[in-house]
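Visitor: Those protein sequences? They're chains A and B, same order as listed. Going by the numbering used here, the first residue of the first sequence is number 1, and it counts up by one from there. Going by the numbering used here, the first residue of the second sequence is number 1, and it counts up by one from there.
Some clues are possibly wrong.
Claimed, not checked - Here are a few chain A residues that face chain B, going by a calculated C-beta distance under 10 Å: (1) 55; (2) 56; (3) 60; (4) 65; (5) 90; (6) 99; (7) 102; (8) 104; (9) 107; (10) 120; (11) 282; (12) 283; (13) 287; (14) 291; (15) 312.
Hints listed in this document are in silico derivations from the structure and should not be mistaken for laboratory results. Predicted, not measured: the structure shown is a model, and the values here were computed from it. Glycine included, each C-beta is placed from N, C-alpha and C at the ideal position.
There are 2 protein chains.
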Amino acid sequence: MPKRRPTSADVAAMAHVSRTTVSFVLNERAGVKIPDDTRRRVLDAAATLGYHPNSVARQLARGASRSLGLVLRQSPEQVANDGLLAETLRGLANAAREADHRVLLETLVPGEGSYANLVRSGRTDGLIVSGPRYDDEELVQLVRDGFPVVIQGTLPGLDVPSVDIDNEAGARLAVEHLLALGHRRIACITNAPLAYTAASERLTGYREALAAAGVAEEPALIAEGAFDAQSGHRAVAEILARTTPDALFVASDVVAIGAMAGLREAGLSVPRDISVVGFDAIPLAAYLDPPLTTISLPAYDLGVTAGRAILDRIAGRPVAGRTLLPTELIVRASTAPRHGAVRWPV
Amino acid sequence: MPKRRPTSADVAAMAHVSRTTVSFVLNERAGVKIPDDTRRRVLDAAATLGYHPNSVARQLARGASRSLGLVLRQSPEQVANDGLLAETLRGLANAAREADHRVLLETLVPGEGSYANLVRSGRTDGLIVSGPRYDDEELVQLVRDGFPVVIQGTLPGLDVPSVDIDNEAGARLAVEHLLALGHRRIACITNAPLAYTAASERLTGYREALAAAGVAEEPALIAEGAFDAQSGHRAVAEILARTTPDALFVASDVVAIGAMAGLREAGLSVPRDISVVGFDAIPLAAYLDPPLTTISLPAYDLGVTAGRAILDRIAGRPVAGRTLLPTELIVRASTAPRHGAVRWPV
DNA sequence: ACGCGTTACTGACGCGCGTTACTCGCGTGG
DNA sequence: CCACGCGAGTAACGCGCGTCAGTAACGCGT
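All chains, full assembly: derive it from the sequences and hints.
Guide: See the structure below:
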């Protein structure tokens, strides 16, 4: 059987000091002077015993767990198709580590499952809720009780700090690019059902760009996607059955890949017959045929920013009510000037 | 200021019983009879106070943290290009939840960073190490000390339970498919440098299939990929500069997408001029042009299996030394019989 | 009336650590 | 000579809970 793990009492005994002194030395407590001689004895004892403070006990004594809860409210399909999620996670974990915190993961089977106990049981000091839904009563209650929460995504009507991509601006960027190429009949396939805030924001950006250019909106040009490539395939068929666009903005690269497959089947060539812009800038987008013009978003930074926000919130530091991270247009071969159109000056 | 959180002592006071009784009732302790009357008083008091047991204190008292540590040793590029990672994570989290455990995430900046303290500090009861490297001294030490560890991936030479995809069998499946179509000059692009066990295993599968069919191996037909599409693009150029294959097995869909882009640029048409098989069955593979024949692997199950394994290990139940999850061939349009070849009977 | 088992509880300790208030010895200025 | 301050360190409590050993009351058979 493995020997019992050494405790601070063992270290104290070996160094011939009290447990208190051990604690002072190991925590480098400010304002307490410890002679070098004593300090060294303690440090040596700790090293030879292989002492590692029990962090559970430390959490209890301090009253803080030094860990962040990450709640993934996305549906399984959403997770499976979100190629950037891992990057965001990495950003969050790194932000947490910088502040000597840990990340506790909580996934939810939709329709069931509660996560509030995560914080109510003192296991985490704060929560990051990713992909919140409107009907999340649990979340509302938690916020009302004053627990530190940061939302990654958007949830209007709740007074909570949130961090998100600037979806509207990104969509505008995409559509403005198409407009600048001379396109006017610009279709739009959303990245998800409009109940998802990101989807409706991107659609809003699309509309704003059209309105700003004085182009009338046409309902026949709009269709809903749903996370995966298949939905893009279906949506493009819907649109082509109704009308004939000369450009297509798909608010998700993954959905766009399905849409491009649909266009191929319809005998349309990209970008000769129709220009396509995606959204998300997944790594693969550059290697599609043709390489996809898209909107890049800082997935890693999103995680880092969310992490810093909740850490600030926990520490009582001021936190911006809403942080929007900038997007960027990446022009590739899937977009070209409208056939016969003169390219506008930029 | 928010009121102090209620403790079990508060519940005890309100129910006019001792803290011990509260503990017995709330934990439904077997072997202890509590009259319904008393039980109800305790339950009611807990409910009206909004009592939630402090899990940190509970961890300390019980000596177990009921949480699993997940260590991601993959490099950032690897994470960014691993579209299945999120699925695996979801599987693990769900397996953990079923057993009332939590998942603690630990990422590592390569070259630095230790994670052993995660378990040495008592924060987790066991560790799942994903993507271990040969030179992981920390891991070796941990295993030697008898800490519960399960490896997700492969690490030969260390006596630790591990869970992985059956990479060899999957690669064989892919190559056998190409052989059955009549191809003989089958090239191979690995999914990663060969220092990664998954990469060398898949290459081994490729070789075994060739050997079993009596086809001589040709070094000129083999090139190394490195996680991303770009590396596939480069690797295919290397191969085409040396020789002319009639089929190509790329041990990763993501790399295959880059490879297919390279084939296009070289003026080769898939599958007319060359058949291509990928590996991983990322959701997008079905929507490529042409849809990619690939090997599907149970990403979600991988997470579940790893989770169950470490839970078994923690509980002292017997654990299989090595679990290999089966793969499956998904035939799509990127593979076709060799030009002029008679299709073999299956 | 007495022993004895059973029911229904409770007192007190321990988990490992942080932290406050306190002690003790030793100059030192008055 | 004494009060005082200061450096060096410590005893003891608290964090919130699980749990063992124990106790008081009660019924029941003889």
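Visitor: For each hint, tell me whether it holds in the structure or not.
Guide: For each hint, the structure was consulted:
Among the interface hints, the one on residue 55(A) holds; its C-beta lies about 4 Å from the nearest C-beta in chain B, closer than the 10 Å criterion. Nearest Cβ of chain B to the Cβ of residue 56(A): about 5 Å, under the 10 Å cut. The hint holds. Evaluation of the residue 60(A) hint against chain B yields a held restraint, the C-beta minimum of about 5 Å falling below 10 Å. Checking residue 65(A) against chain B by beta carbon gives a least distance of about 6 Å; that is within 10 Å, so the hint holds.
Restraint check, residue 90(A) versus chain B: the minimum CB separation of about 5 Å is within 10 Å; hint holds. Taking 10 Å as the C-beta contact cut-off toward chain B, the hint placing residue 99(A) at the interface is violated, the least distance being around 14 Å. Hint on residue 102(A) holds. Least Cβ distance to chain B is approximately 6 Å, under the 10 Å limit. Hint on residue 104(A) holds. Least Cβ distance to chain B is approximately 6 Å, under the 10 Å limit.
Interface hint at residue 107(A): satisfied, since its Cβ lies 4 Å from the closest Cβ of chain B, which is below the 10 Å cut-off. Interface restraint check for residue 120(A): the shortest CB-CB distance to chain B comes to about 4 Å, inside 10 Å, so the restraint holds. Proximity of residue 282(A) to chain B holds as hinted, the smallest CB-CB distance being about 8 Å (cut-off 10 Å). For residue 283(A), the interface hint holds, since its Cβ comes within 10 Å of a Cβ in chain B; the closest pair sits about 6 Å apart.
A least Cβ separation of about 4 Å between residue 287(A) and chain B falls short of the 10 Å threshold, and the interface hint therefore holds. For residue 291(A), the interface hint holds, since its Cβ comes within 10 Å of a Cβ in chain B; the closest pair sits about 8 Å apart. Taking 10 Å as the C-beta contact cut-off toward chain B, the hint placing residue 312(A) at the interface is violated, the least distance being around 19 Å.
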